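**Student:** From just these sequences and the hints, can you work out the full model?
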Amino acid sequence: MSAAGAGGPGPHVLVLGAGSIGARHARNLAAAGARVSVTDPDADRAATAAAEAGPAARAIAFDLDHLDAAGALDGAVVASPTVHHPDQVDALLAAVPRILVEKPLATDGATAARFAPHADRVAVAYNLRFHAPVARLAEVVAGGSLGEVSAIRLWFGSWLPDWRPGVDHRQTYSAQRALGGGVLLDAIHELDLLVWLCGPGPHRVRGAVVDELGPLGLDVEDTVRALIDLDGGGVAEVALDYLARRYRRGVEVTGSEATARLDWARQVVEVEDAGGVRAEAATTPVAASYERQADAFVGWITGGAPLPVDAATGAASVVLADAIREAAR
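In our numbering, the protein residues as written are 87 to 415.
Keep in mind that a hint or two might mislead.
Stated by the list, open to error - Computed spacing ranges between beta-carbons, pair by pair:
#, residue 1, residue 2, range
1, P301, S106, 22 to 30 angstroms
2, A218, P301, 30 to 38 angstroms
3, R239, G300, 15 to 23 angstroms
4, W245, G318, 32 to 40 angstroms
5, D151, V363, 57 to 65 angstroms
6, G300, G157, 44 to 52 angstroms
7, P127, G300, 25 to 33 angstroms
8, V253, D151, 27 to 35 angstroms
9, R352, W245, 15 to 23 angstroms
10, R200, E366, 34 to 42 angstroms
11, P203, D151, 21 to 29 angstroms
12, G319, A360, 16 to 24 angstroms
13, A155, D206, 25 to 33 angstroms
14, T134, R352, 32 to 40 angstroms
Please keep in mind that the hints were generated in silico from the structure rather than gathered at the bench. Since the structure is predicted, the reported quantities are computational estimates derived from the model, not experimental observations. C-beta atoms are modelled at their ideal positions from N, C-alpha and C, and glycine is treated no differently.
**Tutor:** Below you can see the structure in the form of structure tokens.
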């Protein structure tokens, strides 16, 4: 991680929300050279996150109506439950030059699209855009060596009770419809990867299942299956669930000349063609993508390149999620 701002004041970033992802943002931003203010409705949780982030961080009272009390802000990260994102982004737009919103941008496509005119100021935290194995797969696809792409397959599965050991999974954000939970939005990284590889669409959802099929006692879907006709040709399959007892995740792109595949569980990127299989290790930890994202956000705040998923691009994955849900009705 870079030491941007080391030895100086560094940009001032507000982290709104001190759950696991907010605390991670606070740590990484402080390490990237930012001065960090952490706020959360739970003051104790904000204090803990700030203490873990180190001397460059502090906890402040949660009050969106008086953001000026935090001092001049150069940037903000919205790391609250998804249902709160729109109102919080609206409040921050009046006071903060650059905003990074945890994925997804909103719980529905129409609301997410409302922020598209602010694409120069609002970005969405799809950290997998910074994950080296994913970037490698995207590079192979963009290079054209696969030929004409006919099919893409994306999958994610993980046993929800294992996500936060010692915590009742039914009390987490993921399990609560009122907070924007459910695997369709929780695992929306896969839809963003589809947008990265195939563009924002419009893509047409031919059919879908969005349902609670497992024994977890949720009030949200634990399973998604979708078949999508891609804008420009070809078809995509998306499979998401909270039920796989062992973590599985991957992307496979089939073309007329070769097939490229990233398999997280096997930690490999493979390209298969008529001549055989070429494999590259994919062992870079996902944690590194969060660190690179923090560096990039600090860079954007201080005049560097924008982040890869702006508000307009971030809305595209939410619009696709809406289409999947509608096709399942």
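**Student:** Has the hinted range 32 to 40 angstroms been met by the Cβ atoms of W245 and G318?
**Tutor:** Given a distance of about 36 angstroms, which is inside 32 to 40 angstroms, the answer is holds.
**Student:** Given a hint of 21 to 29 angstroms, does the C-beta separation of P203 and D151 actually sit inside it?
**Tutor:** holds, 24 angstroms
**Student:** Assuming the hint says 32 to 40 angstroms, is it satisfied by the Cβ distance from T134 to R352 or not?
**Tutor:** Between T134 and R352, where Cβ atoms are some 36 angstroms apart, the hint holds.
**Student:** Look at the Cβ atoms of D151 and V363 and judge whether their distance stays inside 57 to 65 angstroms.
**Tutor:** holds, 58 angstroms
**Student:** Do the Cβ positions of P301 and S106 conform to the proposed distance bound of 22 to 30 angstroms?
**Tutor:** holds, 25 angstroms
**Student:** Between the beta carbons of A218 and P301, is the distance compatible with 30 to 38 angstroms?
**Tutor:** holds, 36 angstroms
**Student:** Given the hint of 27 to 35 angstroms, is the C-beta distance from V253 to D151 inside that range or not?
**Tutor:** holds, 31 angstroms
**Student:** Does 15 to 23 angstroms hold as the CB distance between R239 and G300, or does it fail?
**Tutor:** Distance hint for R239, G300 holds at roughly 22 angstroms.
**Student:** Does the beta carbon distance between R352 and W245 stay inside 15 to 23 angstroms, or does it fall outside?
**Tutor:** holds, 19 angstroms
**Student:** How does the Cβ-Cβ distance of G300 and G157 compare with 44 to 52 angstroms: does it lie in that range?
**Tutor:** Cβ of G300 to Cβ of G157: about 47 angstroms, so the range 44 to 52 angstroms holds.
**Student:** Against the range 25 to 33 angstroms, how does the distance between the Cβ atoms of A155 and D206 compare: consistent or not?
**Tutor:** Given about 27 angstroms between the Cβ atoms, the range holds.
**Student:** Evaluate the given range 16 to 24 angstroms for the C-beta pair formed by G319 and A360.
**Tutor:** holds, 22 angstroms
Checked against the numbered hints listed earlier, the structure breaks none of them; every hint is satisfied.
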